[in-house]
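Protein chains in written order, with the working numbering: chain A, 1 to 303; chain B, 1 to 303.
FYI, nobody ran anything at the bench for these hints, they're computed from the structure. One or more of the hints may lead you astray.
Sample of chain B residues lacking proximity to chain A, with all beta carbon distances greater than 10 Å (derived) [claimed, not checked]:
(1) Asn127
(2) Ala195
(3) His208
Short derived list, chain B residues pointing at chain A, Cβ under 10 Å [stated by the list, open to error]:
(4) Arg119
(5) Gln185
(6) Phe213
Where a beta carbon is used, it is the ideal one built from N, C-alpha and C, also for glycine.
Number of protein chains: 2
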Amino acid sequence: MKSSLLVVGSVAFDSIETRAGKRDEILGGAATFISLAASHFAAVNLVAVVGEGDFPDEHVRLLTDHGVDVTGLERVPGRTFRWAGVYAEDFSTRETLDTQLGVFEAFDPKIPEAYAGARFLMLGNINPGLQLKVLDAMAPECFVATDTMNLWIDIARAELDQVIARTNLLVINDEESLMLTGERQVAVAAEQILARGPSAVVIKRGEHGAFLFTAEDTFFAPAFPLRDVIDPTGAGDSFAGGLMGYLAGQGSTATEDIKRGMLYGTAIASNTCEDFGVDRIKAIDRAGIDERLGALRSLVTVS
Amino acid sequence: MKSSLLVVGSVAFDSIETRAGKRDEILGGAATFISLAASHFAAVNLVAVVGEGDFPDEHVRLLTDHGVDVTGLERVPGRTFRWAGVYAEDFSTRETLDTQLGVFEAFDPKIPEAYAGARFLMLGNINPGLQLKVLDAMAPECFVATDTMNLWIDIARAELDQVIARTNLLVINDEESLMLTGERQVAVAAEQILARGPSAVVIKRGEHGAFLFTAEDTFFAPAFPLRDVIDPTGAGDSFAGGLMGYLAGQGSTATEDIKRGMLYGTAIASNTCEDFGVDRIKAIDRAGIDERLGALRSLVTVS
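Make the full structure from the sequences, and use the hints.
See the structure below:
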């Protein structure tokens, strides 16, 4: 049964410099990418916070035009979260130039009553204490996907461990999986994570694809070999959003659907990289996504 | 029709230190790994050089026990090529501690008459001038796979370009493909390389798998998610040897067979990494290779 997806995370202004150019204060934030990616497959309910004075209506319209319900998008006094960064020529690293948390510093996610029964939740990368608060508001049968980052592994480990114990699908990158477990190989790290609660863990490797590990199964979704990269910001969140949007749209948490969802997530994430910010994924349609999905499937096919 | 594979390259003693331990003067060299990997699928003819005084009979027996014809293994006065290196904890880099070329410095590959009609040739990473000399000795219908390295791209570009023009299947790593073309994305680098002569280019990405590009097709062979890595030395050569051995064994240069060969090459290369030097691949059998091939195929399968 088709469900909607609840997304909790950051909405931000990003200032980005890559080998392809420079953009100032464009729409970004994990929850933005997750929501737009997921919107191709399911209705999305967004819980986030922005400044009441500086967040343009056109950004809100972009979201609602994609079927994103913004009842949970709080507008409060203060400035919207701002991030600025510059990528290395080959995109292997990026340097943060500036972070201004603004209203995100006091983000206190409130789940509208209509959302509390959601069957699918994507917890974007926010303070694990806030992730716990969201989990407390949800019905126990909710399928929870969680992202996090090295910062929280460092400074909020106890709360993060609680979040992971209540997570069904952990979506993290390879370095985070090693850091979280103290292991040296992702296959072993995944095994450890599965022992802590999640029934599935997806380990993202950026331009090198993503692994899925469950107790019974290992799957690999290859990345698409792009001819050019403009801006990879939000690619990981687009991947997770596509994956969870697909599951919500199917109303399924079956392993085979997680695999298919990873391919859809990859198809969208590769589009994200082909322009700055959300410029590409705000414009793609389902036919374009399906075309890239076909290319991803044929990429690993031997007759 | 089943063919044999002619292999030209280095045979060496490697001294290796990794997080898993240390080994001194163990059997190594590109042609060794290529030959042992290929021997699972085809008869192999080896052209290489070692010192007449320091190369133990047991190493020669190891090769002949695997069906490798050593008529072309010259034993000359002097010392066998020695290399020593240490790998970073996470294997992302390695440092060369010592290189003693010994008899390899004056290597002058002589192709025994019985080998000159070979239909499949794997040119290991040696000086492009020597690669050209080997090519001159071969029949024109020979299917030639070539490896090279950044050193030759730097200092012997003109000769390397001639080798590439006469190569059917170029097998290089991702950094080399970018260096060779001045491009920033492997998909574009591959297109440039295909315009220079080869009908196929395989771009190796180590633990991240390998791409195949032809004029009509793009294929990706995932790497196997190993639970532990002991020593990756020779993994790339094992991959190329498994690939070319498979093609020779099939007597085929069809794209679909190159794809299958890449999966066999990956299966063997992953075994190479699970012990020092040739310790693992000298012991595996075809059933073990087929088992890992099955795991690689299921890794990318969605029902």
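In terms of Cβ atoms, is chain A entirely out of 10 Å range of Ala195/B?
15 Å, holds
Against chain A, with CB atoms and a cut of 10 Å, does the hint on Arg119/B hold up?
Nearest chain A Cβ about 23 Å off; hint violated.
With a cut-off of 10 Å, does the beta carbon of Gln185/B approach a beta carbon of chain A closely enough for the hint to hold?
With Cβ-Cβ at 6 Å, under 10 Å, it holds.
Hint validity - Phe213/B Cβ closer than 10 Å to any chain A Cβ
8 Å, holds
Checking a non-interface call: every C-beta of chain A should be farther than 10 Å from the C-beta of His208/B. Is that right?
4 Å, violated
No chain A beta carbon within 10 Å of Asn127/B's:
Given a closest Cβ separation of 29 Å, the condition holds.
Consistency with the previously given hints fails for numbers 3, 4, ordered from lowest to highest.
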